[in-house]
Structures are given as C-alpha cells and as structure tokens.
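> Chain B is fixed; fit chain S onto it per the hints.
Residue numbers (the working numbering), protein chains in the order written: chain B, 1 to 114; chain S, 1 to 117.
Everything labelled a hint here was simulated from the structure, so no lab data went into it.
There could be a bad hint or two in this list.
[Claimed, not checked] Pairs of lysine to aspartate or glutamate residues, derived as EDC-like cross-links and limited to a Cα-Cα distance of at most 20 Å, are as follows: (1) S:K37 <-> B:E62; (2) B:K3 <-> B:E22; (3) B:K3 <-> S:E42; (4) S:K56 <-> B:D38; (5) S:K54 <-> B:E102; (6) B:K57 <-> B:E22; (7) S:K37 <-> B:E102; (8) B:K57 <-> S:D1; (9) B:K70 <-> B:D38; (10) S:K5 <-> B:D51; (11) B:K53 <-> B:D26; (12) B:K70 <-> B:E22; (13) B:K57 <-> B:E30; (14) B:K53 <-> B:E22; (15) B:K70 <-> B:D26; (16) B:K3 <-> B:D51; (17) B:K3 <-> B:D26; (18) B:K55 <-> B:D38; (19) B:K57 <-> B:E79; (20) B:K13 <-> B:D51; (21) S:K5 <-> B:E79; (22) S:K37 <-> S:D84; (23) B:K55 <-> B:E69; (24) B:K55 <-> B:E30.
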Amino acid sequence: DVKVTQSSRYLVKRTGEKVFLECVQDMDHENMFWYRQDPGLGLRLIYFSYDVKMKEKGDIPEGYSVSREKKERFSLILESASTNQTSMYLCASSLLAGASNEQFFGPGTRLTVL
Amino acid sequence: DQQVKQNSPSLSVQEGRISILNCDYTNSMFDYFLWYKKYPAEGPTFLISISSIKDKNEDGRFTVFLNKSAKHLSLHIVPSQPGDSAVYFCAASALYAGGTSYGKLTFGQGTILTVHP
Numbered sequence: 001d002v003k004v005t006q007s008s009r010y011l012v013k014r015t016g017e018k019v020f021l022e023c024v025q026d027m028d029h030e031n032m033f034w035y036r037q038d039p040g041l042g043l044r045l046i047y048f049s050y051d052v053k054m055k056e057k058g059d060i061p062e063g064y065s066v067s068r069e070k071k072e073r074f075s076l077i078l079e080s081a082s083t084n085q086t087s088m089y090l091c092a093s094s095l096l097a098g099a100s101n102e103q104f105f106g107p108g109t110r111l112t113v114l
Numbered sequence: 001d002q003q004v005k006q007n008s009p010s011l012s013v014q015e016g017r018i019s020i021l022n023c024d025y026t027n028s029m030f031d032y033f034l035w036y037k038k039y040p041a042e043g044p045t046f047l048i049s050i051s052s053i054k055d056k057n058e059d060g061r062f063t064v065f066l067n068k069s070a071k072h073l074s075l076h077i078v079p080s081q082p083g084d085s086a087v088y089f090c091a092a093s094a095l096y097a098g099g100t101s102y103g104k105l106t107f108g109q110g111t112i113l114t115v116h117p
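Next up, chain B with everything else stripped away, as it sits in the complex (with noise of 0.2 Å):
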C-alpha cells in the first residue's frame, strides 16, 4: 500500500511565523504534490514536483515556496504565515508515467495561524 505521511495533523502558528509542513512517501513515486482545501474552493493545487530539486507552481503559489532535496520528500514553507494561509493542507503523491494519473494523499494538516 502506498503510504504518504505529514509531519503533523495540527499545526498553531502566529502571524509572521515561518512554518515547515512536511511531508514523505514510501512508493518511489516521482510525483508529489501540495493542495490546500477550503470550503466551497474544493482543492487548491499550490505547488508541485515531479523530480527531485524540481518544482512547478500551481494554481494558488503566493506566499509560499517548496523544497525537494530527496525523492520522498516534499516540504511547503510558509515564509511568513499570515491569517489567510489558515487551512487544511494536503500532500499527495504519483506516478511520473501513471496509467491514470491516481493520487495518493496524506491525512492532512489543519494549519491555524493566530
């Protein structure tokens, strides 16, 4: 079974904080992705990787930035947290050359910043 995990499952920071979510597959999976959720906007793609030391931007990258420095390992950093960026976010993983393109996420981090 693929197996992506988050360094936490809840997460409070203070406005202006750096804050490091982590997050690490087992599958050898190629891609790795970060989301965040909101209600009513659904998933919100905010960056992404598809090799190591690779990254792209998603839908939503403002304030924030990535880190793949090994293959099973994708970090968000939030250089300096602010109200809005309070959300629930999620980490996935995939195959570079899937046959459907199937993401497996993590549990999540529910983010609150004061």
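For chain S alone, coordinates are given in the frame of chain B:
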C-alpha cells in the same frame, strides 16, 4: 476560472436509495476523470475513475457515467449507506494529451453527501 465544477454543495439521501453526484468540466483537453471520497480529518481516497474512451465504469455500488458532448460526469451510489456520508470530489486530468501535465489533477469544489439511516 473553475475548470471543474460541482454545483451542488450538499446532497441528502435516505439509506438504501440512490445518490447521484454531478460534475461539469470546461476544458476539452481533459480525458481522464476520477472521484475521490474524503472523511473529516482524513486525506481524500480514490474511489473510481473513467477514461474518455468509455461512457460508463462500474465498481460494486459505485458507477460513474461520462457524457463527453455535454462535458458532464456523474457518480451513482446504489444503494446508499450511512458510511457513504463524506465529501466527494470530482477530478479531471489530461492523461493522454501528452506534454508536461506531470499528473496534475484539477478538482471540483466538492459535494457533501449525507446518508440518513
């Protein structure tokens, strides 16, 4: 620009009846569609998918129908069970379009399904 839309934010159904969740898309490059189910405090899990070369795919109680000309797909759950209560997301991808899609999925807003005992 919302390329994948689920226009019903919520749906309430009685146990044993049919649940029909709808999804519309605008991008004609989309050729592969997936449904995900999400319980609170958990990540989405894959439910069922359909390729654009088909118009129907069935897996147990779940059937997905695709109408390419209308750019519309629907998920049917028969019979519905209380354990089906969750948020359902429709997602689309350009799997066969080539280029550098890198497995990106575009998700709809989600529909909250509640199945009453």
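> Take the hints in turn and mark each one as holding or not.
Hints versus structure:
no.: 1; hint: S:K37 <-> B:E62; in the structure: 28 Å, violated
no.: 2; hint: B:K3 <-> B:E22; in the structure: 14 Å, holds
no.: 3; hint: B:K3 <-> S:E42; in the structure: 13 Å, holds
no.: 4; hint: S:K56 <-> B:D38; in the structure: 30 Å, violated
no.: 5; hint: S:K54 <-> B:E102; in the structure: 17 Å, holds
no.: 6; hint: B:K57 <-> B:E22; in the structure: 18 Å, holds
no.: 7; hint: S:K37 <-> B:E102; in the structure: 13 Å, holds
no.: 8; hint: B:K57 <-> S:D1; in the structure: 17 Å, holds
no.: 9; hint: B:K70 <-> B:D38; in the structure: 29 Å, violated
no.: 10; hint: S:K5 <-> B:D51; in the structure: 30 Å, violated
no.: 11; hint: B:K53 <-> B:D26; in the structure: 18 Å, holds
no.: 12; hint: B:K70 <-> B:E22; in the structure: 12 Å, holds
no.: 13; hint: B:K57 <-> B:E30; in the structure: 16 Å, holds
no.: 14; hint: B:K53 <-> B:E22; in the structure: 15 Å, holds
no.: 15; hint: B:K70 <-> B:D26; in the structure: 12 Å, holds
no.: 16; hint: B:K3 <-> B:D51; in the structure: 18 Å, holds
no.: 17; hint: B:K3 <-> B:D26; in the structure: 6 Å, holds
no.: 18; hint: B:K55 <-> B:D38; in the structure: 23 Å, violated
no.: 19; hint: B:K57 <-> B:E79; in the structure: 16 Å, holds
no.: 20; hint: B:K13 <-> B:D51; in the structure: 30 Å, violated
no.: 21; hint: S:K5 <-> B:E79; in the structure: 31 Å, violated
no.: 22; hint: S:K37 <-> S:D84; in the structure: 9 Å, holds
no.: 23; hint: B:K55 <-> B:E69; in the structure: 11 Å, holds
no.: 24; hint: B:K55 <-> B:E30; in the structure: 12 Å, holds
Checked against the numbered hints given earlier, the structure breaks hints 1, 4, 9, 10, 18, 20 and 21 and satisfies all the rest.
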